Amino acid sequence: MNRTQKEALGGLIFFTVTLVFMASILAARLIFKKDIVYATYFMLATIAIMNVLGLLYLFRKQSPREVITDERDKLIKLKALFASFVSVMILLAAMLVTLKIIVGIDGSIGVWLLVMILFGITIAAVMVYYAAVLILYLFGKGNA
Amino acid sequence: MPENELSNCVRRLRFENGQITQQDLADRVGVTRQTIIAIEQGKYSPSLPLALKIAKTFDTTIEKVFELNVD
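Sequence order for the protein chains is L and H.
For the first sequence, the residue numbers in this note's numbering are -18 to 125.
For the second sequence, the residue numbers in this note's numbering are 39 to 109.
Excised from the complex, chain L in its bound form (with noise of 0.2 Å):
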């Protein structure tokens, strides 16, 4: 496993994590009108540790003339990122589907579920482009 192969893997577990915890955070509050303080600390201690494991694991080198990245990484990079920004659009499109779906057209939401909405978004859309580094390096063929 190479840099950008690990920087994905630790990546996508990473937001993965955060995802859930921001999913269960959200489901606790909407549905049973509670605020789950303790699950918040845990959320943020737990993102701590993960950084500091993960920069620990990523910057320990294979060898000493290790190369970080090279042509290859950058086209798979470019490629993912591609993927990322077209998910951002398909969420962005299914979100305000749903909004119309679910309060109508003139209706309103709560900044704060707003934010959340679009942090998730965001959140899922780094989730992709973690994925397609992965996923192009396993089975690209041609030039990926």
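No lab work stands behind these hints: they were computed from the structure.
Just so you know, not all the hints are guaranteed correct.
[As the list claims (entries may be wrong)] Derived DSS-like pairs (lysine-lysine); straight-line CA-CA distance at most 30 Å: (1) L:Lys15 / H:Lys94; (2) L:Lys81 / L:Lys14; (3) H:Lys102 / L:Lys(-13).
[As the list claims (entries may be wrong)] Computed Cβ-Cβ distance ranges for the label pairs, DEER-style: (4) L:Leu77 / H:Thr98: 27 to 35 Å; (5) H:Gly56 / L:Thr(-3): 40 to 48 Å; (6) H:Ile75 / L:Arg10: 44 to 52 Å; (7) H:Thr98 / L:Lys55: 24 to 32 Å; (8) L:Ile83 / H:Gln79: 47 to 55 Å; (9) H:Asn55 / L:Asn32: 42 to 50 Å; (10) H:Glu54 / L:Ala4: 29 to 37 Å; (11) H:Ser85 / L:Tyr22: 43 to 51 Å.
Remember, it's a predicted structure, so these values are computed and weren't measured experimentally.
The C-beta atom is built at its ideal place from N, Cα and C for all residues, glycine as well.
Keeping the supplied structure of chain L fixed, place chain H upon it in accordance with the hints.
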């Protein structure tokens, strides 16, 4: 439109030139080992500078390392 495919004999040349490992070759030409694996498997066509560096490493010409197969 015809599909161009680049075949190569990097793997054979590695063994013929003192059994150079993929990591050694990668270090010499400045790429990751995964890129060398992808080139050997025909999954990735290297850029011209990289192809030239690989050929130079084996002290040969680019035509003797890479061949274009036009279908």
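Outcome of the hint check:
{"no.": "1", "hint": "L:Lys15 / H:Lys94", "in the structure": "violated, 67 Å"}
{"no.": "2", "hint": "L:Lys81 / L:Lys14", "in the structure": "holds, 23 Å"}
{"no.": "3", "hint": "H:Lys102 / L:Lys(-13)", "in the structure": "violated, 35 Å"}
{"no.": "4", "hint": "L:Leu77 / H:Thr98: 27 to 35 Å", "in the structure": "violated, 59 Å"}
{"no.": "5", "hint": "H:Gly56 / L:Thr(-3): 40 to 48 Å", "in the structure": "holds, 45 Å"}
{"no.": "6", "hint": "H:Ile75 / L:Arg10: 44 to 52 Å", "in the structure": "holds, 48 Å"}
{"no.": "7", "hint": "H:Thr98 / L:Lys55: 24 to 32 Å", "in the structure": "holds, 27 Å"}
{"no.": "8", "hint": "L:Ile83 / H:Gln79: 47 to 55 Å", "in the structure": "holds, 49 Å"}
{"no.": "9", "hint": "H:Asn55 / L:Asn32: 42 to 50 Å", "in the structure": "holds, 43 Å"}
{"no.": "10", "hint": "H:Glu54 / L:Ala4: 29 to 37 Å", "in the structure": "violated, 56 Å"}
{"no.": "11", "hint": "H:Ser85 / L:Tyr22: 43 to 51 Å", "in the structure": "holds, 49 Å"}
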